[in-house]
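Student: Okay, here's what each chain looks like letter by letter:
2 protein chains.
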Amino acid sequence: MGLKQVAEHAGVSVKTVSNVVRGTVRVSPPTRERVERSLIQLGYRPNLSARHLRQGRTGVVALAVPALDAAYFSALARATITAAAAHGWTVLIDQTDGAVEREIDIMAGAGSHLVDGVVLSPLGLGALDLEGRRPTVPIVLLGERVFDGPDDHVAIDNVGAAREATEHLLGLGRRRIAAVGAQEHASAGTARLRLQGWREAHEAAGVPTSAELVASVEQFDRRSGAAAAERLLCLDRAPDALFCFNDQLALGAMRTLALRGVRVPDDVAVVGFDDIEDGEFSVPSLTTVSPDLRSLAREALDLLSRRIDGSDTGPPREVTVGHRLLVRESTVGRA
Amino acid sequence: MGLKQVAEHAGVSVKTVSNVVRGTVRVSPPTRERVERSLIQLGYRPNLSARHLRQGRTGVVALAVPALDAAYFSALARATITAAAAHGWTVLIDQTDGAVEREIDIMAGAGSHLVDGVVLSPLGLGALDLEGRRPTVPIVLLGERVFDGPDDHVAIDNVGAAREATEHLLGLGRRRIAAVGAQEHASAGTARLRLQGWREAHEAAGVPTSAELVASVEQFDRRSGAAAAERLLCLDRAPDALFCFNDQLALGAMRTLALRGVRVPDDVAVVGFDDIEDGEFSVPSLTTVSPDLRSLAREALDLLSRRIDGSDTGPPREVTVGHRLLVRESTVGRA
DNA sequence: CCGTCTCGTTCCAACGTTGTATAGCGATGG
DNA sequence: CCATCGCTATACAACGTTGGAACGAGACGG
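So the protein lines, in turn, are chains A and B.
In this text, residue positions in the first sequence follow my numbering: the first is 225, and each later residue adds one.
In this text, residue positions in the second sequence follow my numbering: the first is 225, and each later residue adds one.
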């Protein structure tokens, strides 16, 4: 079931069958028809490995994310698969589990001609880890820029978005706004940027911040959010709002608040980040920053595309995509 | 950067380099060392396309799911990727969006030597759609068995699990238990099986069911669950429990109940299905059926493995994996 | 000292595809 | 009627890899 068999069956050369299959060259109608009949009759399927070997391209791009079962990343994966289809690409998904080691593996080992490019959403990756990388295939990084590498980079304006979210809370009269999601290790860039936005908003409004209102977490999940909320409720002066660095932290925190009998948003307003589906249907529904995932994925793949076909050989590109603040019940109550 | 370049650099034949790389044949220590030095020095990366062409295998399996951003399927994807790693396989994820057409495409077109096997979680697929399929690569179906095809099949005992969930509600004294998630189109096998379990539990307990308690939905998402709950609350005799055919329906329904001031579980108890993370942290947390996803993925890939390497050429296998009922607050209240 | 055996290495072919160069052939124009 | 042109179809090589056959050199026993 290769071109050869079809060629024999149709009584033409292998190349002619190839020409019919790909349709790039003119083939006379009678020949074409004869070949097409054989093609169907024998149920021909092109061997992509052979094609890839010949052309040096695989038509596959890798998407590496920390964990596929985190809602944000599965939404990102969906957007990426959709955007990839526009380029005729197939997406191969890798899970790094946030392990720096895996992330390095992917960046290094991806050069095995299995994929034409990589979209990497790094979690723990620091500048040092990529110092000596031998460039194999083009890579696009998502999220905060961790270092000055040779790779393109796409993200939303994290600082600006965090500032907007905080300003929204300040605008509602909240004055003790906790920041939930700070992280100890220096490499956690996203947390750092969102914390910075929170600070900037306070400074711009002339509202003082206090260290006790910064809640650190191990991970960006519900459990950590719930635990952080527990700690914040124990403060002498409890916060009147929580700005959580992602929706899962926020949802976990809201569960704690509900269990403790704290009303949202009356007693404590809550804002999240990422706009995952759960937040739309929680009680109360969650105010959040909604990144434009479709654009994010599209831009990432466009950059990759231009690197792969060589139409862009310039310096690393930096692309910022849009976001908007979705105001829901967790800050303004029921309509 | 192929074996050839390395061979020249090390002063040996191409095959010897290949032997060193794969380590299957004995190579004398001095030769091996010399080759390995060249390997590292030149930064050799095997060309997987060529390898695959030669061996007729790609080491890639496809996982086709309706939507990656549905929590159940992203959890399934994670489990599959993990299980695949045990076989040394890479997973390529396809989204069908529930389109029968896409599902057929995948089953047919997957034969393009891009993947060695397919794990398919069908949604709309009916018997007719696969009638004339020409088998190319082995396929394992997940979920309900839609037809008597030539493919292996892995699932939990849907009827039994649904019965257990319903029995749990009956055991709590509930007598008007709505079934949320019935579907009109005949091909929706999962919904049919869970509905059957709900019926069987009622029959076994001698509790009558009524048609008005069966709520049909368009999709298995929160929105549909919320809408179904609205309708059920309007009945003359409102239900005192909801058995929802998945967690997303349940969470959507719980939101409606909360908005309407209906207390869960005091007024209405709620049970879901799938055990997605959101249900663990909702308020109240959701009682649900937890399928053993790890086993599901492992069994599916084991079956696939045996079909691919030809060690199993027998008739289609049928594997049932475990599940358990997780009792949480939405049925028994806070501890 | 020669034949045989073993072990490491090389040579050759093939996997299925496609780009390039070329051959075939009818039609057209001088 | 021959030279030329335009177009289709063919032949060949190459992409990088690996299985198998063949080969050569040293070890060993007779």
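What the hints contain is simulated information worked out from the structure, not anything from laboratory work.
Treat the hints loosely; a few may be bogus.
Unchecked claim - Calculated lysine to any residue pairs in the SDA-like style (CA-CA distance at most 25 Å, straight line): (1) B/Lys228 with A/Gly373; (2) A/Lys228 with B/Leu394; (3) B/Lys228 with A/Arg258; (4) B/Lys228 with A/Thr248; (5) A/Lys228 with A/Thr248; (6) A/Lys228 with B/Leu549; (7) A/Lys228 with B/Gly395; (8) A/Lys239 with B/Arg275; (9) A/Lys239 with B/Ala274; (10) B/Lys239 with A/Gly280; (11) A/Lys228 with B/Gly413; (12) A/Lys228 with B/Asn243; (13) B/Lys239 with A/Thr248; (14) B/Lys228 with A/Ala274; (15) A/Lys228 with B/Gly312; (16) B/Lys239 with A/Val486; (17) B/Lys239 with A/Gln279; (18) A/Lys228 with B/Leu277; (19) B/Lys239 with A/Lys239; (20) B/Lys239 with A/Gly534; (21) A/Lys228 with B/Ser262; (22) B/Lys228 with A/Ser336; (23) A/Lys239 with B/Gly280; (24) A/Lys228 with A/Pro290; (25) B/Lys228 with A/Leu272; (26) B/Lys228 with A/Gln279; (27) A/Lys228 with B/Gly538; (28) B/Lys239 with A/Ser336; (29) A/Lys228 with B/Ala451; (30) B/Lys239 with A/Glu501; (31) A/Lys228 with B/Glu391; (32) B/Lys228 with A/Arg275; (33) A/Lys239 with A/Gln279.
Student: Could you run down the list of hints and mark each one as holding or not?
Tutor: Here is how each hint holds up against the structure:
| no. | hint | verdict |
| --- | --- | --- |
| 1 | B/Lys228 with A/Gly373 | violated, 31 Å |
| 2 | A/Lys228 with B/Leu394 | violated, 66 Å |
| 3 | B/Lys228 with A/Arg258 | violated, 41 Å |
| 4 | B/Lys228 with A/Thr248 | violated, 32 Å |
| 5 | A/Lys228 with A/Thr248 | holds, 19 Å |
| 6 | A/Lys228 with B/Leu549 | violated, 56 Å |
| 7 | A/Lys228 with B/Gly395 | violated, 67 Å |
| 8 | A/Lys239 with B/Arg275 | holds, 23 Å |
| 9 | A/Lys239 with B/Ala274 | holds, 20 Å |
| 10 | B/Lys239 with A/Gly280 | holds, 22 Å |
| 11 | A/Lys228 with B/Gly413 | violated, 43 Å |
| 12 | A/Lys228 with B/Asn243 | violated, 30 Å |
| 13 | B/Lys239 with A/Thr248 | violated, 37 Å |
| 14 | B/Lys228 with A/Ala274 | holds, 19 Å |
| 15 | A/Lys228 with B/Gly312 | violated, 32 Å |
| 16 | B/Lys239 with A/Val486 | violated, 71 Å |
| 17 | B/Lys239 with A/Gln279 | holds, 23 Å |
| 18 | A/Lys228 with B/Leu277 | holds, 15 Å |
| 19 | B/Lys239 with A/Lys239 | violated, 30 Å |
| 20 | B/Lys239 with A/Gly534 | violated, 33 Å |
| 21 | A/Lys228 with B/Ser262 | violated, 38 Å |
| 22 | B/Lys228 with A/Ser336 | holds, 16 Å |
| 23 | A/Lys239 with B/Gly280 | holds, 22 Å |
| 24 | A/Lys228 with A/Pro290 | violated, 44 Å |
| 25 | B/Lys228 with A/Leu272 | holds, 23 Å |
| 26 | B/Lys228 with A/Gln279 | holds, 18 Å |
| 27 | A/Lys228 with B/Gly538 | violated, 31 Å |
| 28 | B/Lys239 with A/Ser336 | holds, 19 Å |
| 29 | A/Lys228 with B/Ala451 | violated, 58 Å |
| 30 | B/Lys239 with A/Glu501 | violated, 54 Å |
| 31 | A/Lys228 with B/Glu391 | violated, 62 Å |
| 32 | B/Lys228 with A/Arg275 | holds, 20 Å |
| 33 | A/Lys239 with A/Gln279 | holds, 16 Å |
Violated hints for the displayed structure, listed by number in ascending order: 1, 2, 3, 4, 6, 7, 11, 12, 13, 15, 16, 19, 20, 21, 24, 27, 29, 30, 31.
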